[in-house]
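Here the structure of chain A is known, so what remains is to put chain B in place on it, guided by the hints.
2 protein chains.
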Amino acid sequence: MQKCVRIMASRVEQIHNILTKLKAGHDGVEGCLLVTAQGLPIDSALDSKADEDLISAMTAAISSVSERVTQEMGKGQINNISILGDYGYIILLDVAARAVLTVLAKTDANLGLIFLLAKKSCNQLAELI
Amino acid sequence: MQKCVRIMASRVEQIHNILTKLKAGHDGVEGCLLVTAQGLPIDSALDSKADEDLISAMTAAISSVSERVTQEMGKGQINNISILGDYGYIILLDVAARAVLTVLAKTDANLGLIFLLAKKSCNQLAELI
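Protein chains in written order, with the numbering used here: chain A, 1 to 129; chain B, 1 to 129.
Only chain A is shown next, with the shape it has when bound in the complex (with noise of 0.2 Å):
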């Protein structure tokens, strides 16, 4: 029982490293967030005060209605989403169909290495959860 507890806390600690490590891997992203497929949050490392829960449930709706979109327009399973505001950029990425990561980030970011940091993380995070 302990040694199983040790597990997940351990498993719950590299969650955990993978977010941080994200954010502090590049100037550009301002913090990243991981939720499951159906809309509850695993873990965060933000600064900004957001409703966690309220943005966790509406990451998981943006992308079950996207998959139905790509679907129906026969573009296959969704491999990331990413949605330019006025003042950044929000990126949705599939953690192996069961969880999402989305990732903050400034306007003027590198968003082509921003991706290729958050891939990495998703292949990580994919075998923890």
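It should be emphasised that the hints constitute simulated quantities derived from the structure, not laboratory data. Mixed in with the good hints, there may be bad ones.
Footprint (simulated), chain A over chain B, 3 or more residues, beta carbon under 8 Å [stated by the list, open to error]:
#1 10-23
#2 57-64
#3 85-95
In silico lysine to aspartate or glutamate, DMTMM-like type, Cα no more than 20 Å apart, as pairs [to be verified]:
#4 B:K106 <-> A:D47
#5 A:K119 <-> B:D108
#6 B:K119 <-> A:D108
#7 B:K106 <-> A:E67
#8 B:K120 <-> A:E13
#9 A:K21 <-> A:D47
#10 A:K120 <-> A:D43
#11 A:K106 <-> B:D108
#12 B:K120 <-> B:D86
#13 A:K119 <-> B:D53
#14 A:K120 <-> A:E13
#15 B:K119 <-> A:D86
#16 B:K120 <-> B:D27
#17 A:K120 <-> B:D86
#18 A:K106 <-> B:D27
#19 B:K119 <-> B:E67
Model, not experiment: these values are computed from the prediction. Beta carbons: idealized from backbone N, C-alpha and C, even for Gly.
Chain B alone, transformed into the frame defined by chain A:
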């Protein structure tokens, strides 16, 4: 009355011309679709036999949920949304907050150029709707 009908017909033609021109303007563009902010189809230039009503409704749903997420995350108003699937991109652009222009593009398309062309089309469409 007849004059009014002629102006209306001319607008419909102009909208259709903008969409077909956008589709023909770049090899990477597979098709495009103009939808009201409420999710009703206005016009399209698509090859595929996808369900336009369904896509229109879902396009508006993605825009609406994304709008809330961007505001909640302090990113202001949405400029565009791009979704990368296994077999290509779906790009959604705001048209004067009254409609959404959806562009289908190939995976290896020059996304920067497509954004430029699509943005130009959005400006032209904004004057017609």
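Hint check results:
Only residues whose C-beta sits within less than 8 Å of a C-beta in chain A count toward coverage, and the segment 10-23 of chain B has 0 of them, not enough to reach three; the restraint is violated. Proximity of the segment 57-64 of chain B to chain A, defined as three or more residues with a beta carbon under 8 Å from a beta carbon of that chain, is established by the 4 residues found. Under a criterion of three residues with beta carbons nearer than 8 Å to beta carbons of chain A, the stated coverage of the segment 85-95 of chain B is upheld, 6 such residues being counted. In summary, the hint linking K106 of chain B to D47 of chain A is not supported, as the alpha carbons are separated by about 36 Å, beyond the 20 Å threshold.
With a C-alpha separation of about 18 Å, the suggested pairing of K119 of chain A with D108 of chain B holds against the 20 Å cut-off. This hinted pair checks out: K119 of chain B and D108 of chain A have alpha carbons roughly 18 Å apart, not beyond 20 Å. Simply put, K106 of chain B and E67 of chain A have alpha-carbon atoms about 17 Å apart, close enough for the 20 Å limit, and the pair holds. The suggested pairing of K120 of chain B with E13 of chain A is violated, with an alpha-carbon distance near 47 Å, which exceeds 20 Å.
Between the alpha carbons of K21 of chain A and D47 of chain A the distance comes to roughly 14 Å, so the proposed pair stays at or under 20 Å and holds. At roughly 17 Å between alpha-carbon atoms, K120 of chain A and D43 of chain A fall within 20 Å of each other, so this suggested pair holds. With a C-alpha separation of about 25 Å, the suggested pair K106 of chain A and D108 of chain B falls outside the 20 Å cut-off, and the hint is violated. Taking the CA atoms of K120 of chain B and D86 of chain B, the gap is about 27 Å. The hint is violated against a cut of 20 Å.
Among the hinted pairs, K119 of chain A with D53 of chain B is inconsistent with the structure: their alpha-carbon atoms are about 33 Å apart, more than 20 Å. For the suggested pair K120 of chain A and E13 of chain A, the alpha carbons sit about 17 Å apart, so the restraint of at most 20 Å is met. The hinted pair formed by K119 of chain B and D86 of chain A meets the criterion: a straight-line CA distance of about 15 Å does not exceed 20 Å. With a C-alpha separation of about 17 Å, the suggested pairing of K120 of chain B with D27 of chain B holds against the 20 Å cut-off.
Restraint check for K120 of chain A and D86 of chain B: satisfied, since their Cα atoms lie roughly 18 Å apart, inside the 20 Å limit. Between K106 of chain A and D27 of chain B the alpha-carbon distance is near 30 Å, which puts this suggested pair outside the 20 Å criterion. A C-alpha spacing of about 18 Å is found between K119 of chain B and E67 of chain B, which places the hinted pair at or below 20 Å, so the restraint holds.
Checked against the numbered hints above, the structure breaks hints 1, 4, 8, 11, 12, 13 and 18 and satisfies the rest.
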